[in-house]
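Enquirer: Residue numbers (the numbering used here), protein chains in the order written: chain A, 64 to 737; chain B, 64 to 737.
Treat each hint with caution, since some may be false.
Stated by the list, open to error - Reference listing, derived: stretches of chain A covered by chain B, where coverage requires no fewer than 3 residues with Cβ under 8 Å from a Cβ of chain B:
| # | region |
| --- | --- |
| 1 | 122-129 |
| 2 | 186-198 |
| 3 | 221-232 |
| 4 | 281-291 |
| 5 | 307-313 |
| 6 | 343-353 |
| 7 | 361-370 |
By construction, these hints were calculated from the structure, which means they are not laboratory data.
Keep in mind it's a predicted model, so treat the numbers as computed, not measured.
Every residue, glycine too, gets a C-beta built ideally from N, C-alpha and C.
There are 2 protein chains.
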Amino acid sequence: MNSLSLKKIAAGVYTAKTGDKTDGVLSLVANEPKIEAINNNYSDAPLPFDGIFTEKVGNKTVVCIPRNLSERHYGPGLRFRSLATNFSVLHMRCDHYGGSDNGRTHVPTPFYLSDAGYGVFIDTPEFITFYMGGTVRTDAKNPPEEQNRGRGPWSADTPSEFVEASFEGDADVYVFAGESMLEAVAKFNLFCGGGARIPKWGLGFWHRTHTQFDENDVKNEIKLFEERNFDLDVIGLEPGWHSNSYPCSYEWDEQRFPDPKEFVSSLLKKDIRVNLWENLFVSKKAKIYEEIMPFCGSHKVWNGIVPDFTLEKAREIIANQHKKEHIDIGVSGYKIDECDGYDEWLFPDHTSFPSGRSAAAVRNTLGILAQKNIYNAFRKENKRTYGLVRASAAGSAMMPFCIYNDCYSFEQYLTGLASSSLTGCLWVPEVRDAQTPEEWVRRFQMCVFSPMLMLNAWANGVKPWKFKEVEDTVRETVRFRKSLLPYLYNAFYTYAEKGIPPFRAMCLDFSGTGSQKRSGLDHTESPYETLRLFDTYDQYMAGDSIMVCPMRPGEKTRKISLPAGEWYDWYTGEYAGSGEMLQIECPLEKIPLYVKGGAMIPTVEKDGSLTVRCYGNSGSGFLYDDDGESFDFENGKYAYCEMSFIKENGAVTGKIEKTRGDGFVSEYKAVRFI
Amino acid sequence: MNSLSLKKIAAGVYTAKTGDKTDGVLSLVANEPKIEAINNNYSDAPLPFDGIFTEKVGNKTVVCIPRNLSERHYGPGLRFRSLATNFSVLHMRCDHYGGSDNGRTHVPTPFYLSDAGYGVFIDTPEFITFYMGGTVRTDAKNPPEEQNRGRGPWSADTPSEFVEASFEGDADVYVFAGESMLEAVAKFNLFCGGGARIPKWGLGFWHRTHTQFDENDVKNEIKLFEERNFDLDVIGLEPGWHSNSYPCSYEWDEQRFPDPKEFVSSLLKKDIRVNLWENLFVSKKAKIYEEIMPFCGSHKVWNGIVPDFTLEKAREIIANQHKKEHIDIGVSGYKIDECDGYDEWLFPDHTSFPSGRSAAAVRNTLGILAQKNIYNAFRKENKRTYGLVRASAAGSAMMPFCIYNDCYSFEQYLTGLASSSLTGCLWVPEVRDAQTPEEWVRRFQMCVFSPMLMLNAWANGVKPWKFKEVEDTVRETVRFRKSLLPYLYNAFYTYAEKGIPPFRAMCLDFSGTGSQKRSGLDHTESPYETLRLFDTYDQYMAGDSIMVCPMRPGEKTRKISLPAGEWYDWYTGEYAGSGEMLQIECPLEKIPLYVKGGAMIPTVEKDGSLTVRCYGNSGSGFLYDDDGESFDFENGKYAYCEMSFIKENGAVTGKIEKTRGDGFVSEYKAVRFI
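Chain A with its partners taken away, still in its complex shape (with noise of 0.2 Å):
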């Protein structure tokens, strides 16, 4: 047992290493950590706990955590089903989620919350399983009393002293301290390099089509939007593009697309992007083959051989053949498939990599090094690329890409937005189908106020008219997204710079949201009492100042709890109420939105107008804008301007003024404040 000495390194921030030998995930990823963000803008909280410390076990590390018994926990890792974790066994690693919330998902960041204002990020590539706070020592301090089952009422759960975490080697343990979890969160993003810097196009409207498709075939599908009023921003490629996919070659299909280069201009022209499809496994079609054969592992996946990507010569092989042949006529991003597992589609634990890398290690970062690897082949030509990636890990922040998956549950989809925030990453919840036009429209509702609103055509060629009596609605939801698009720039802004997650689950902004349940004893489906920690997941705060309660399809009214504070409808901009539950219904037209008073959100008209909504009788805000697409913001070309509003006899009188910034970048036709 060694007592583990943590020293501060930033505002409330705190590390140690469990030994010599660490290689940590943010040491492999190599994001620049945003401290003077962090201390400019958060307090320097104290460590939180005394009596950190660590076990050697086996061939594994332990480190055990103090809790109070009463804590609520939070993460690690992306969930699906729900937010806390209190007693939760999680045996993290990286993999597609499987129904369960059992450790095994897109992204398992070793990184998890407590209530009490702190995060504990544990930075090991390897697979790390979590004790959520239920292991009882034999030589506890402060055990639970026993129980006697036999002469009831008993539960299962015993709290602990301690989280404990177990892995191989070596770990680098961060603390970040503040004084909400809010705080934490934005102190690990920004220590993770700070939230992504989207491009305003990838705030658009984006389409994937047909697997199958050809360059005629895309470009027809154009048309068919173009017709029919839908605005395209990014049209995404499916595997079809390659010339051998499954594994795949990175090539074009001289057949389907004789000049990509022509193709992509011609979409470019258009203001539409392209967005390619990959997996990582390489065909022995593809030019790079012999190449990148002597730096990949000792099995295969799909036939094709697996690059180490925690060797920079293997990413360097790929982002050479991508500049060439995508990057530099045009094409604008990538989804990355397939990089998460399934276990069955992937490498086993025991293939052999030429770092010398464990298969864990290489799976666990598969994702996020694809990822920087994108990421910086953009960055080089002063490009910001947005895309999709299936695998994700500590340093996901920085990473422009959106999480998505096979599961295509809208509760779980939903859920998936909420966690999302506590450990990360941008998660999106796609349209691929419905069952109902009803169904069609709340699930594009709920892509609305998402990192990404996409429909996902890539197996059945569905369009976004599928239900013709609810083409319209869809249509003006996709608009009343791409109205947005001033908020939710301001809400990436706020992400980059203070860390803060554009789509929060309830607890980060007002604590206690959660509820407790007892479940049932019954001795067909649960033959425990067990006492669970719920958290709200079905209403989320979307920027500063909106607060999103999604429709489910089939529901026609549904509870919503405002938290304390004033809260105004959006669409009326009455007073609806603090602190209170209400039972609402809502037209399959609208999205129930309730706004902070004295919120002002800024979105933009059809005619290029800013219309900046003002909630409440007087309030300030802010309106971020830079050029969209380069990091020239970096270089002082941005407009940081400051809002304030009066409403006085229903009119509202509003302020606009620029106070930081080299530029005004968009141009306004007018501003309006109402």
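Guided by the hints, dock chain B onto chain A, whose structure is given.
Expert: This is chain B only, laid out in the frame that chain A set:
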């Protein structure tokens, strides 16, 4: 890469060590292998493959077992959703079944079968991962061709030349070669000590009373059963009999059971045995607490200390206490609960144990060592026991315990029956409750052809007459079970002497009864098109000759598959078919049963006479008998009778003749052939 040199140790049985430091489960359990039975009954088949090898990767040993690309695999481990396992990745770990066949199971025995007629067993107590023929090495001699998903058709599966398995430390590798999978299973079971010798009373009617019952409640319950003519053989007491449970004291609650000896005796006078529930986590209130403390692990479970069952001393303390407090006063056996995990309700993987063995090794052997301990305690008294347990491992065959769990799915309980025969254990689909009278009956019927007919009312206090309208049917179902005693006792004799499981998956007796099914390509449900092997689990063999085709609740008709050979209807004796599919109807009172032509099924009538049911025109069979409760059969105190019959003009002429053994224990009033 080290090639592994397998040495023959019995007819068609081969073994090798992957290294010097093996600590196999079989050596911990110390069952006597029945080498003579293997040699006398089975073929001296050659090794089914060349080129098995091992390698060390990190701290894992990898074993690569060659296979033909077309081999079909079953196992490892007890499963609940499907039998065939090709392409699966299975992280074997003793655990409660969690809804998917991913390797976490009550019986994670690392033994798998090939339809080429062999089984492979890797004897290690550590967690072990199996890659069931889907992992393609980069240096494969015979790799599958690359496919192109962009130009379908495409399958996600990549058949491999190897099954690969990885684990920490070293292991004994065994190959059981034969002319069929049944032979391979039989050899494995005999090598593990042969099938369990169940006492006759164990094949009767079991009922577990409500957990809060005291002595009088139990006696009153028995009276009710007598009044309703439900003839009980075993009463199970649930946690409330302990002075403390969860964690456990193993001592009688003095208020509820002031005179346990008198209580148990009074039941024995009625020919009713008492079975005691327990878990393995020791309460401070237990008299053995101080004594066993030095032999316990570093973490508690439900605030109880956890004995290291790999230590003889720990087992001895428990066995002595059990002998004195329970066995000596006539208790017949135990239900050993909670030894499987659920992860949250077990010790963490980094728990230290005084034996120095890993937590994995202790976890994986907890169930089997607890069984062996109980078995030995009764063996010393020349008494057979029979009970329940929620976890087991290699060596299970010999243990008179049934595996059970909490999933309570009719379909999955049925699958468990088939699967148990492939992994060397007994599985019981106990009755706990039902939504409808029909389900109630169908669940009892499934138990008739299972190792144990048990109603488990621990939580709800349910009685067999829960549904008045089917009370008679349930009563007749219980009587039917009891009438089958001679036939079931024969089946268990064959299990013990020849290793043939009493209840068997169809694929063991009839190869090629499975099918292949291509999963649909679907963008929302299943984005991978895969070829999966399916095997029949909804009909199964019971004993030598009966095929059971259970009706599911809600099913009015069902399809059955009659394999090649002559099949007869159990009830009418009429010829039913051969090698064909039938669509059958079946009234609620009946279980669809088909009997092999030439079979003789001994049954016992209510008046104590023996009726031998003869199917087809002529045939033969046997009848094994002994005292049903001791091990005196080892000293010749048994009777083995050969039987034969001829049917002419509808009249059956039968013969029965003792050919081995010193006694014919049961005094049948009469013997009748029909």
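Enquirer: Against this structure, judge whether each hint is valid.
Expert: Going down the list of hints, with the structure as the test:
| no. | hint | result |
| --- | --- | --- |
| 1 | 122-129 | holds (count 3) |
| 2 | 186-198 | holds (count 4) |
| 3 | 221-232 | holds (count 4) |
| 4 | 281-291 | violated (count 0) |
| 5 | 307-313 | holds (count 4) |
| 6 | 343-353 | holds (count 3) |
| 7 | 361-370 | holds (count 7) |
Of the numbered hints stated above, the single one contradicted by the structure is hint 4.
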